[in-house]
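Visitor: Sequence:
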Amino acid sequence: MLASLLAAYMRLIKATTRWDVRGRDVMGPLWETETGMIGALWHGNIMMALSSWPMDRQTPGFLISRSPDGAFVAGATQKLGAKAMRGSTKNTRKSKEKGGSAALRQMIRHVDDGGLMAITPDGPRGPRGEAGMGAIKLAQLTGAPIVALGVATRWRIVFKTWDRLCLPLPFGRGTIVWAGPISVPKNADTAALESKRQQLETCLSQASAEAERACHPHRPLALSVYRIATQLFAGFAKPWLQHRVHSDKEDAARLGERLGRTSIERPKGTLVWVHGASVGETDLALNLIQTLHGAKKDIRFLLTTGTQTSADLAARRMKSHTRHQYLPLDIPDAVDRFLTHWQPELGVFVESELWPNLITAAEDKRIKLALVNARMNATSLRRWHRAPASAKHLLNAFDWIGTADETTRKGLATLTDWSITQSGNLKLSAPPPTADQAALKQLKSAFGARPVWLALSTHEGEDQIILNAHKRILTEHPQAVLILVPRHPERASEIARLCANALLISQTHSSGKTPNADSSVYIGDSIGDMGLWLRLASPAFIGGSLLPDLSGHNPLEAVRLNVPVLSGPHRASFDALYASLADAGGAKIVTTETELATAILSLWVDLKAAKTMTDAAQTLIDTKAKAPMDITRAALLDLIKDQS
56 MLASLLAAYM
66 RLIKATTRWD
76 VRGRDVMGPL
86 WETETGMIGA
96 LWHGNIMMAL
106 SSWPMDRQTP
116 GFLISRSPDG
126 AFVAGATQKL
136 GAKAMRGSTK
146 NTRKSKEKGG
156 SAALRQMIRH
166 VDDGGLMAIT
176 PDGPRGPRGE
186 AGMGAIKLAQ
196 LTGAPIVALG
206 VATRWRIVFK
216 TWDRLCLPLP
226 FGRGTIVWAG
236 PISVPKNADT
246 AALESKRQQL
256 ETCLSQASAE
266 AERACHPHRP
276 LALSVYRIAT
286 QLFAGFAKPW
296 LQHRVHSDKE
306 DAARLGERLG
316 RTSIERPKGT
326 LVWVHGASVG
336 ETDLALNLIQ
346 TLHGAKKDIR
356 FLLTTGTQTS
366 ADLAARRMKS
376 HTRHQYLPLD
386 IPDAVDRFLT
396 HWQPELGVFV
406 ESELWPNLIT
416 AAEDKRIKLA
426 LVNARMNATS
436 LRRWHRAPAS
446 AKHLLNAFDW
456 IGTADETTRK
466 GLATLTDWSI
476 TQSGNLKLSA
486 PPPTADQAAL
496 KQLKSAFGAR
506 PVWLALSTHE
516 GEDQIILNAH
526 KRILTEHPQA
536 VLILVPRHPE
546 RASEIARLCA
556 NALLISQTHS
566 SGKTPNADSS
576 VYIGDSIGDM
586 GLWLRLASPA
596 FIGGSLLPDL
606 SGHNPLEAVR
616 LNVPVLSGPH
626 RASFDALYAS
636 LADAGGAKIV
646 TTETELATAI
656 LSLWVDLKAA
666 KTMTDAAQTL
676 IDTKAKAPMD
686 ITRAALLDLI
696 KDQS
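Counting from 56, one number per residue, gives the positions in the sequence shown under the working numbering.
Take these hints with a grain of salt, some might be off.
Listed next, the in silico DSBU-like pairs over lysine-lysine satisfying Cα-Cα at most 35 angstroms (straight line) [unchecked claim]: (1) LYS465 / LYS69; (2) LYS681 / LYS420; (3) LYS447 / LYS69; (4) LYS679 / LYS374; (5) LYS215 / LYS134; (6) LYS420 / LYS496.
Calculated directly from the structure, the hints in this document are not laboratory data.
Required output: the full structure, derived from the provided sequences and hints.
Guide: This is how it looks when you write it as structure tokens:
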């Protein structure tokens, strides 16, 4: 009875919904040949698929679990004229033989007979939006192509189930997006099968995102209000920028770029735009650009940044295939000028700086978008969840999202209706930072045999704690040197004042003077010299972690150069990474100046312990290093495969 009611409801949806079908060029040739094929869709969309699935070619087959809920859906499926094939949801060997193997044989016969077979790659138990190997294995066994199905309706009920099951409502609009096809060679090895699985997951994500955008083209009220407010601010933009020039926060010669104006000519051919907000993101963006260019030499790149320090880094490391511009303010007119001039085929945002007007304008201009190495701590995710409609609209503008960690993936997945890939932290794939060899030789000679330790990326409030720790160290090693590298180099004079107050003689790197025997603190106030500092000192304390309002910085440059890592307890932005390093014995967490001094003195005495620490960290990172960049590169190249 219930199955009949559900089937009748599905017929009502199909009859009263105005369906827009996209990707006919994908399905058309396959449809005409009447060959068998495999349709893949996310588990949460199965009700929408049943309401829209074509029944006019041959009886389609649906793989449905053997759970009680599955029995209900299977009954409705059969009444709609489709064929339900029941798989197993249990993990015992016996149940797999009775359910899974029998279903597999049915599916192979159905596809071999020229039928369509629908599979939910993230079913029957999830995780939601993560493709399993079922569809890939079936394609390998049958030789049939896989087509990905993205489906969405304007009006629907979303249940709070693991798969966010969607029940469409009648008298609305719906969009069907077919993507692919994906072919799986019968002789594919394990690595090739995994590559195809990732390709399917990406295809499903992109098709689902396109369907969502088509069904929900209008901006939420909050984003509309934001757009109006930023447009009103436009009249004050120039005075505000001039004020920032006087505060040394803007480049006076390039203020036009902040308003979307540039004299730089757009290069011919495929242009990929990559945005890295500050120094860390810019460093990652430059590595990503080099990787993409290595894979496809004809791509040209636009790199945008938001700070002068990141622009300086870009100027030092950019190659001829890359142009640099400051990111325009998130004002509608400035954003429009920027995008109209550059017209990129793909926009890539690094980590978590998302500007609403910029994203929505790019979406309106049909520019493909990707968010790579997304990292958000619990506080940031809570902020996003306070405005779920706006967050969903912005996230659904992206054609691919890859997160650095599982916490971010889960947090963002609850705000979207499609898959988000945990690609892994791209910083794991970054090469070790380089160093100016002349400067390295000069400073090594100046320090001589003196013991040297390093405090990197420190913030205001931490420096005093670090200097206090150094004074404790000096009681045992009077010749010891601290290289103190502030996160923001403009704080060098403030740190020099703190040193003077503590009766510590300091010198700044920017002065150009060689450290003398009386200097016990050397202030690294330059950009892009991380590799230099890490080759001069050991161990390295990674700042941004000693005070509760901070959230840590990246320890991977130190790990890559075999320098023991110390950190404070507040490192939410890299919590998973630090936890893994600490568990493996590859990093030590300190909370006070006493603990910091003790840890440094201990590592200077016990060189074997220091080597054990760096070996453990290196082993951990090496096991995770290659995959993040490989996954991200493949996804981005797939987005522009037809553009050049």
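Visitor: Hint by hint, say whether it matches the structure.
Guide: Structure-based check of each hint:
1. LYS465 / LYS69: Roughly 32 angstroms between the alpha carbons, so the hint for LYS465 and LYS69 holds.
2. LYS681 / LYS420: Measuring from Cα to Cα gives roughly 34 angstroms; hence the hint holds.
3. LYS447 / LYS69: holds (26 angstroms)
4. LYS679 / LYS374: Roughly 28 angstroms between the alpha carbons, so the hint for LYS679 and LYS374 holds.
5. LYS215 / LYS134: holds (26 angstroms)
6. LYS420 / LYS496: violated (51 angstroms)
Hint violations for this structure: number 6 only, all remaining hints satisfied.
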